[in-house]
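Chains as they are written, first to last, in our numbering: chain L, 463 to 1109; chain D, 9 to 149.
Keep in mind that the hints are not guaranteed to be accurate.
With a Cα cut of at most 27 angstroms, we get these calculated DSSO-like pairs of lysine-lysine [stated by the list, open to error]:
hint	chain 1	residue 1	chain 2	residue 2
1	L	K986	L	K1022
2	D	K15	L	K489
3	L	K478	D	K133
4	L	K1105	D	K133
Each pair of labels, with its calculated beta carbon distance range [claimed, not checked]:
hint	chain 1	residue 1	chain 2	residue 2	range
5	D	P56	L	R918	51 to 57 angstroms
6	D	S35	L	K669	53 to 59 angstroms
7	L	E500	D	A11	32 to 38 angstroms
8	L	S538	D	G66	44 to 50 angstroms
9	D	L95	L	K1045	22 to 28 angstroms
10	L	K489	D	G66	20 to 26 angstroms
11	L	K923	D	P56	55 to 61 angstroms
12	L	P1086	D	E132	33 to 39 angstroms
These are computed hints drawn from the structure, not numbers from a lab. Here the structure is a predicted model, which is why all the values come from computation and not from measurement. Note that beta-carbon positions come from the ideal geometry of N, C-alpha and C, so glycine has one too.
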Amino acid sequence: MKKIGVFICHCGVNIKDTVDVEYLTEKLADYKGVEHIENYMFMCSDPGQNLVKEAIQENKLDGVVIAACSPTLHESTFQNAIEEIGINKYQLEIANIREQCSWVHTSREEATRKAELIIKTAIEKLRLNQSLEPVTAPLTKRVLVIGGGIAGIQAALDIADGGYEVVLVEKKPSIGGHMIQLSETFPTLDCSQCILTPKMVQVGKHKNIKLYVNSQVAAVDGFAGNFTVTINRKAQYVDPDKCTLCGDCTDSCPVVTPCEYDEGLAWRRAIYVPFPQAIPATFTIDTENCLGFEPIACGECKKACEPGAINYDAKPQTFEEKIGAIIVATGYDLYPVENMAEYGYGKYPDVLNGLQFERILSATGPTGGEMLRPSDGKVPKEIVFVQCSGSRDPERHLSHCSRICCMYTLKHAKLYKHKVPDGQPYIFYIDIRSGGKRYDEFIQQAVSEDGVVYIRGKVAKIYQEGDKMIVHGMDTLTGKKMEICADMVVLAQGIVPSEGVHELVKTLKLGVDDVGFLIEAHPKLRPLESLQSGFYIAGAAQGPKDIPDTVSQASGAAAKILALFSHDEIYHEPIIAIVDEDKCSGCGICIGTCPYGARVLENGVAMVNDILCEGCGACISACPSGAAQQKNLTDQQINSMIKVILG
Amino acid sequence: MNAFEPKIVCFLCKWCTYAGADLAGTSRIKYPPNGVVIKTMCSSRIDPEHILYAFQQGSDGVFIGGCHPGDCHYQTGNYKTQRRVLLLKRMLKQMGINPERLKLEWISASEGNKFANTMIDFTEKIRNMGPVPKLSGKEDK
Chain L
463 MKKIGVFICH
473 CGVNIKDTVD
483 VEYLTEKLAD
493 YKGVEHIENY
503 MFMCSDPGQN
513 LVKEAIQENK
523 LDGVVIAACS
533 PTLHESTFQN
543 AIEEIGINKY
553 QLEIANIREQ
563 CSWVHTSREE
573 ATRKAELIIK
583 TAIEKLRLNQ
593 SLEPVTAPLT
603 KRVLVIGGGI
613 AGIQAALDIA
623 DGGYEVVLVE
633 KKPSIGGHMI
643 QLSETFPTLD
653 CSQCILTPKM
663 VQVGKHKNIK
673 LYVNSQVAAV
683 DGFAGNFTVT
693 INRKAQYVDP
703 DKCTLCGDCT
713 DSCPVVTPCE
723 YDEGLAWRRA
733 IYVPFPQAIP
743 ATFTIDTENC
753 LGFEPIACGE
763 CKKACEPGAI
773 NYDAKPQTFE
783 EKIGAIIVAT
793 GYDLYPVENM
803 AEYGYGKYPD
813 VLNGLQFERI
823 LSATGPTGGE
833 MLRPSDGKVP
843 KEIVFVQCSG
853 SRDPERHLSH
863 CSRICCMYTL
873 KHAKLYKHKV
883 PDGQPYIFYI
893 DIRSGGKRYD
903 EFIQQAVSED
913 GVVYIRGKVA
923 KIYQEGDKMI
933 VHGMDTLTGK
943 KMEICADMVV
953 LAQGIVPSEG
963 VHELVKTLKL
973 GVDDVGFLIE
983 AHPKLRPLES
993 LQSGFYIAGA
1003 AQGPKDIPDT
1013 VSQASGAAAK
1023 ILALFSHDEI
1033 YHEPIIAIVD
1043 EDKCSGCGIC
1053 IGTCPYGARV
1063 LENGVAMVND
1073 ILCEGCGACI
1083 SACPSGAAQQ
1093 KNLTDQQINS
1103 MIKVILG
Chain D
9 MNAFEPKIVC
19 FLCKWCTYAG
29 ADLAGTSRIK
39 YPPNGVVIKT
49 MCSSRIDPEH
59 ILYAFQQGSD
69 GVFIGGCHPG
79 DCHYQTGNYK
89 TQRRVLLLKR
99 MLKQMGINPE
109 RLKLEWISAS
119 EGNKFANTMI
129 DFTEKIRNMG
139 PVPKLSGKED
149 K
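So that you can see chain L by itself, here it is in the shape it has in the complex (with noise of 0.2 angstroms):
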């Protein structure tokens, strides 16, 4: 029988003042096991760890019940210190009789005479403690970035500069995300293409970063440190090393379709750059738009195209790559205007987005970066920003706010009066959230130096008188009805996440919140990874977020990797399940209650994957034919301690 030592803490007075220490060495010293029994002052003081140590190498105990503070505090303190004589750390039990006891009781007698029933628990859970090792694996040290926006750029190249190899995975043709479309970023105004096409080219070149443009990840196999990812990319009908960038297809293309990376505001061949810095710097053909070479309708920019870089037989391809830690930066898109009429979004063309206002304060945008309206291109003399534009609805539209339309929208009307310095900017408003570094500073010096009007209220209708548009309001400080007669509207659109995670987070099994987004291992103390080990979070997919914000996230996530990946297996804690195969009829219960897909049918038993379980013990309670069991806490420890209880 297991030899148990019992050491009991006084805690100063904490413990000693309600229960009586003194009494319960005495009458535990003979109970079933107890081989040594002491009480101490300050067991968590360096002699009293020592007194531990030193008792269990005289009396040669095989483990030890700490009587004193919450776990919480002191395990690992006394884990540490039997593990430094040679014994193993789950030979250890707490009893907590002072949190959960001495602290809360008054009655002397009473507390004591349960601190009797908590040590007595921890003894008959001890006893059959097996010792157990952390659970290992070996580890593929290569990433898999799914999205190249700012987030997924950020982490790849802090990865790839920390000397392991990044798998990026990017929907469109290029990467860059929407931060690549903007103007200029709130609050320092620093041109934004600027700021992030230094970072693009450095994925482009970077040895350690492949790249797949036009690709998605259609599974993902295996689990933390070894996956096996799926890639499709689509038919790569230009040959991006033949490309010189020429750009004869495009003048020779006869179709024309609205243009993503200009929200629509212009137009495209079907043969096309996506903008002139993506990367990789390569013509693409869309599809979709494409007269169609099968059989060949058109043909003309395979004529025009010296290089020979055009094949129309490219077929799509599939790859697969090892991947040991995946960070999922699948970014946003703005809530679908659609789902307003009332703002007469799409019916109106002075009525725009967030995005498409950045297009045209861009000098890369339609307009060259002059202040035009779209319908006649005139320079529009009154604008107004409706925020929270399906956003913080909860009855209609988004509940939830959008964190950067506040920022952005001032940004909007401080650079509308740069560029029409007569013209008046109107800032429809719920709330001014301007929570960041020197944000309220950047709103307080356009209200005081831009002249941009804040009105605090909701938009009711928007529609067009000739050519203004009509905005009803309603400014709820004074309570009076509003009509603005405007040149243009520029909608603060909600954020939702990036169009397509749904699919994808099938695919990677992980979990979202009501809206979509991705849901962190801890809101507080781990947001940047998720429940499920090996996959990490960046940026919007997450949730709403500026840039800095973005950006310190990701590379907060390629920094847990890094630390992950400085060790040459994965560990895991090794209180999980486990399954006795003979009394297992492999009727697959288990496996819907698990969560993270830790157990799998193998030969008609319902094994567990060791590194994915993650100890919940949902499972074991779950199995009817009692296969299943939860290291160091079975079925018969849970048992002993409910009989103990009630002796």
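We have chain L; now place chain D onto it with these hints.
Showing chain D alone in chain L's frame:
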């Protein structure tokens, strides 16, 4: 003074309710000492058989504490617990045990007060109900 002191087995999940019970301690909030705690990683580890075993061994009440809906450290463990508890309550009735003797409550790590109040109320309730009957099928009041 009532001579009967109920015995209560408490299963607390490590992440929320156990931490809530610790907070009651650090806040020095007093509650009756009748419940003794068994810590599990998640409330979903608790097998209905453990609860039945506790009643069979003479537990006058069984308390289960888990994370609030949506807060489960293991995503959905608390929902599984709730389903099991609801089903088991029906079964308890058939076995002659008042289903009120089994209580499930969501208590977060920040709800030390709620933990103490729950212990006060539940202990008092069980005290009024009297000792758990032997599993005989006779009506429990």
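Checklist entry - Range hint 55 to 61 angstroms: satisfied by the CB atoms of L/K923 and D/P56? => result holds, 57 angstroms
Next on the checklist: Assuming the hint says 53 to 59 angstroms, is it satisfied by the Cβ distance from D/S35 to L/K669 or not?
Outcome noted: holds, 57 angstroms
Checklist entry - Do the Cβ positions of L/P1086 and D/E132 conform to the proposed distance bound of 33 to 39 angstroms? => result Holds, since L/P1086 and D/E132 (Cβ atoms, about 37 angstroms apart) stay within the stated range.
Checklist entry - Taking only the CA atoms, is the gap from L/K1105 to D/K133 under or equal to 27 angstroms? => result holds, 23 angstroms
Next on the checklist: Against the range 32 to 38 angstroms, how does the distance between the Cβ atoms of L/E500 and D/A11 compare: consistent or not?
Outcome noted: Hint holds: Cβ distance 36 angstroms, inside 32 to 38 angstroms.
Checklist entry - Within a Cα-Cα threshold of 27 angstroms, do D/K15 and L/K489 meet the stated pairing? => result holds, 21 angstroms
Checklist entry - Does the hinted range 51 to 57 angstroms hold for D/P56 and L/R918 at CB? => result holds, 55 angstroms
Checklist entry - Range hint 22 to 28 angstroms: satisfied by the CB atoms of D/L95 and L/K1045? => result Once the Cβ atoms are compared, 23 angstroms apart, the range 22 to 28 angstroms for L/K1045 and D/L95 holds.
Item to check | Outcome for the supplied range 20 to 26 angstroms, where the beta carbon pair is L/K489 and D/G66 | outcome: holds, 22 angstroms
Checklist entry - Is the gap between the beta carbons of L/S538 and D/G66 within 44 to 50 angstroms? => result Given a distance of about 36 angstroms, which is not inside 44 to 50 angstroms, the answer is violated.
Next on the checklist: For L/K478 and D/K133, compute the direct alpha-carbon distance and say whether it is at most 27 angstroms.
Outcome noted: Between L/K478 and D/K133 the Cα gap is close to 31 angstroms, so the pair fails against 27 angstroms, i.e. violated.
Checklist entry - Can the restraint linking L/K986 and L/K1022 be considered satisfied, given a maximum Cα separation of 27 angstroms? => result Between L/K986 and L/K1022 the Cα gap is close to 16 angstroms, so the pair holds against 27 angstroms.
Hints 3 and 8 from the list above are not met by this structure, while the remaining hints are.
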